[in-house]
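S.K.: Let the sequences and hints guide you as you build the complete structure.
Residue numbers (the working numbering), protein chains in the order written: chain A, 278 to 626; chain B, 19 to 89.
Quick caveat, the hints were computed from the structure, so don't treat them as lab data.
For the chain B half of the interface with chain A, some residues (derived, Cβ under 10 Å), not all of them:
#  : residue
1  : 19
2  : 44
3  : 46
4  : 50
5  : 51
6  : 60
7  : 62
8  : 63
9  : 64
10 : 67
11 : 68
12 : 71
13 : 72
Here are some chain A residues the structure puts well away from chain B; computed CB gaps all over 10 Å:
#  : residue
14 : 350
15 : 547
16 : 625
For clarity, every value in this text was computed on a predicted model and none was experimentally measured. Virtual Cβ for every residue (Gly too), placed ideally from N, Cα, C.
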Amino acid sequence: MMDRTDIIRYLQSYDGPEVSIMEVCGSHTGAISKSGIPSLLSDKIHLISGPGCPVCVTPSSYVDRLIELSMRKDTCVVTFGDMLRIPGSTVSLAQAKGQGAHVEMVYSPFDILKLAAKAPQTTFVFAAVGFETTMPVYALLMQTLEQESVSNVKLLTALKTMPPVIDTLCAQQAKIDGFLAPGHVAVVTGYKVFDPLAQTYKIPFGVAGFQASQILVALYGILHAYHQPKVMNFYPEVVTEAGNEKAQELIDRYFEPVDAVWRGMGIICGSGRQLRNQYSAFDAGSANLNEDHKMNQKCCCDKVLTGKMRPYQCPLYGKACTPLQPQGACMVSEEGNCHSYFINQRNDR
Amino acid sequence: MCVALPGKVQKVFGQKALVDFNGNQVEARTGLVDVKTGDYVLVHAGCILQKMNEIEAEQMTELFSQLEAFR
Ligand code: SF4
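M.R.: In structure tokens, the structure reads:
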């Protein structure tokens with residue numbers, strides 16, 4: 278039976294056609310950069326990072342709206358830490374906080390319940406950003422708000438789904454030969470969600486976990502299925518074909534598809550989710566936050582997020598733009614492509 | 019943001035469970051999966067997202083032999 282050494286040896290000595298494999302998930306980008314996987318691969322295997330950091334693809338008008346809400350006397354914005362430093366069109370939420378905005382950082386969306394119970398006169402708005410992985414958490418929160426008749430909690434949503442953006446990337450760009458598919462998205466959706474894409478573009482998808490060994494196995498599988506329409510599950514501990522159906526039902530109950538703007542990529546049809554009409558009382562004004570201003574005109578996040586450019590090819594990378602002084606969203610979040618390359622000094626082609 | 023961690027359910031109470039991550043005990047919501055004490059689960063943003071299947075040695079062997087067939 279083959280083991281990890283065989284796999285690494287194969288990936289090192291691979292001498293077939295040049296292949297580009299995209300990892301869509303920001304957590305994969307982080308794991309790949311940190312573990313030094315690129316240095317283990319033959320020069321013919323290129324790993325490209327995609328648009329899989331939810332805060333990085335959130336347009337500036339969404340951040341602006343959060344800031345506007347947080348400045349209101351009777352409103353408090355509640356968010357994951359990642360969101361705080363993402364630039365809006367002028368400032369970030371963290372900078373606004375310095376100017377007196379009401380912002381609370383939490384570990385789970387459910388922490389908002391305690392805050393809301395303590396201050397019934399204040400409206401608490403959760404910055405509901407995320408992909409399929411996080412959507413069921415917001416759906417479950419919605420169910421709790423309903424069951425417990427909580428009236429001072431709302432969501433500002435910027436929810437996005439993976440298949441439409443992968444579809445857009447494949448349609449725009451011929452040179453992606455396979456995908457390292459996001460494992461924790463697939464936990465919710467099931468790996469079947471990638472089937473239509475594999476069929477349309479005749480490429481393999483390898484669903485992977487986040488340890489280096491899991492990623493290596495998946496890369497090996499993807500390489501071997503070169504140009505075959507195949508979805509392979511390399512994360513069977515938690516990923517099944519159908520996914521978490523209870524979570525899917527709950528998402529459907531509260532959210533419906535909507536066209537959504539991806540920072541740097543424009544509107545992608547049906548790629549977002551918003552609260553259904555009957556739940557609009559829980560919505561803090563999420564519709565039409567479509568504008569996307571760059572804070573620094575030279576920022577190349579759009580090209581970096583679509584795999585057309587490596588982070589270090591941006592003229593600002595490591596100069597005007599560093600994690601301490603980010604010029605674009607990709608340098609802010611720990612899962613951002615530029616951040617991940619920078620802190621790991623990654624320079625593979 | 020899609021980070022999720024595996025832990026072990028220590029006890030279930032109402033719509034929550036106490037989950038142990040290498041000695042750190044954290045509360046997580048159970049509404050997306052039915053769980054019981056002793057289950058290994060994947061937790062994301064304070065919510066149990068899925069139960070972990072025990073991957074039998076056989077299953078891993080099968081996965082690897084599938085890969086081997088490619089060579
Ligand atoms: S290095 Fe900075 S400025 Fe350049 S693309 Fe990345 S985030 Fe934008």
